[in-house]
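Q: Once you've looked at the hints, dock chain E against the given chain G.
There are 2 protein chains.
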Amino acid sequence: MTADWNLVSAKLVHEGHINVVNRSYVTPMGSDREYEVIEHPAVVCVFAVTDDHKVVLVRQFRPGPGRFCTELPAGLVDEDESPSHAAARELKEETGYRGTLREVGKLFTNGYSTEVRHVFVCTDARQDGEPHPDEGEDLEVVNVTISQFHELVRGGEMTVTDAAYLAMDVLGLL
Amino acid sequence: MTADWNLVSAKLVHEGHINVVNRSYVTPMGSDREYEVIEHPAVVCVFAVTDDHKVVLVRQFRPGPGRFCTELPAGLVDEDESPSHAAARELKEETGYRGTLREVGKLFTNGYSTEVRHVFVCTDARQDGEPHPDEGEDLEVVNVTISQFHELVRGGEMTVTDAAYLAMDVLGLL
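Top line first, the protein sequences correspond to chains G and E.
For the first sequence, this note's numbering gives the first residue as 1, with consecutive numbering after it.
For the second sequence, this note's numbering gives the first residue as 1, with consecutive numbering after it.
Chain G extracted, bound-state conformation (with noise of 0.2 angstroms):
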């Protein structure tokens, strides 16, 4: 039961900033399935603690929820870049931070996409510079104490709770 199923067709559905494509799979047992998949391409979520131990959030308007939301650095992993380089170039992008940084895990975001989220901490995070988001994005830069950023967590405020709380939990803040 547990050998994996043989995906056998994919035929494109949806295209637009969200592609939808349906996948036909055979099971070990010989049964089709037959599944709507969103196809996404690798994204990346930043940890990024100052030295004086404040997080650097972004507070953004989020589509989907329909409100702000105040959330950790992130992004796409442009094509032919390497999560790492994504990750550096999103938190620049994003906050005008820069560090060391450190991939932590890898988490699957939904059952029925094929996105994958990298996370990254980077634990000596200063500013460098003025951040320079995409045009669209109404970014602000927010810095909140581990505790209060804690809350935020568990108070479902943010969009990606999953790299949020693996951050903590590799660093040993939970």
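These are calculated hints, taken from the structure and not from any lab test.
Some clues are possibly wrong.
Note that the list lumps identical chains together, so a pair holds whenever it fits in one copy or between two copies.
What the hints assert, rightly or not - Mimicking SDA-like on lysine to any residue, the simulated pairs with C-alpha atoms at most 20 angstroms apart in a straight line are:
hint, residue 1, residue 2
1, Lys-106, Cys-69
2, Lys-11, Tyr-25
3, Lys-106, Glu-151
4, Lys-54, Leu-171
5, Lys-106, Ala-42
6, Lys-106, Arg-67
7, Lys-92, Glu-137
A: For chain E alone, coordinates are given in the frame of chain G:
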């Protein structure tokens, strides 16, 4: 800058198992913004622990990651159903277990999806019959210790890492 944006139109651009909607927002500064957003019902996820401290999980093939994952029991909230009813129903259907359920949090799952995940804990889970999964769900019920569960969560072996961490955090298991 933190005033909410105004949703001015929403157009269904893909209808299927996954529904994609094109949302147009106007920002408080008067700019237009367009996003594709997945419109998704609420979901429930249950962290159920037995009297002998075993976490009740389901091992199942996940079409997005394209592999088997060991997950918390979870599923959609049906129309006109309360999240707590859905949590009890999904736990029973997927695992055959029941117990006293308590909602411990509500999470956004993605910046580009309307999906909200209601997280429940059940600390007196007991088997009360066989699982009766929906047609097409090939599930294997797996019981693990809390420390084994923590390793699965850290290792990225599931798609609901956020709910798993939140439940352990609220129960003081981290």
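Q: Hint by hint, note whether the structure agrees.
A: Hint by hint, here is what the structure shows:
1. Lys-106 / Cys-69: Between copies only: 14 angstroms across chains, 22 angstroms inside a chain, cut-off 20 angstroms.
2. Lys-11 / Tyr-25: Cα proximity of Lys-11 and Tyr-25: one copy only (12 angstroms, versus 31 angstroms across).
3. Lys-106 / Glu-151: between (23 angstroms within a copy, 13 angstroms between copies)
4. Lys-54 / Leu-171: Result: close within a single copy only, 14 angstroms intra versus 26 angstroms inter.
5. Lys-106 / Ala-42: For Lys-106 and Ala-42, only the intra-copy Cα distance (10 angstroms) is at most 20 angstroms; the inter-copy one is 25 angstroms.
6. Lys-106 / Arg-67: Only across copies: Lys-106 and Arg-67 sit 15 angstroms apart there, 27 angstroms inside one copy, limit 20 angstroms.
7. Lys-92 / Glu-137: Answer is within: at 14 angstroms inside a copy they meet the 20 angstroms cutoff, but 43 angstroms across does not.
In the structure shown, no violation is registered for any of the earlier numbered hints.
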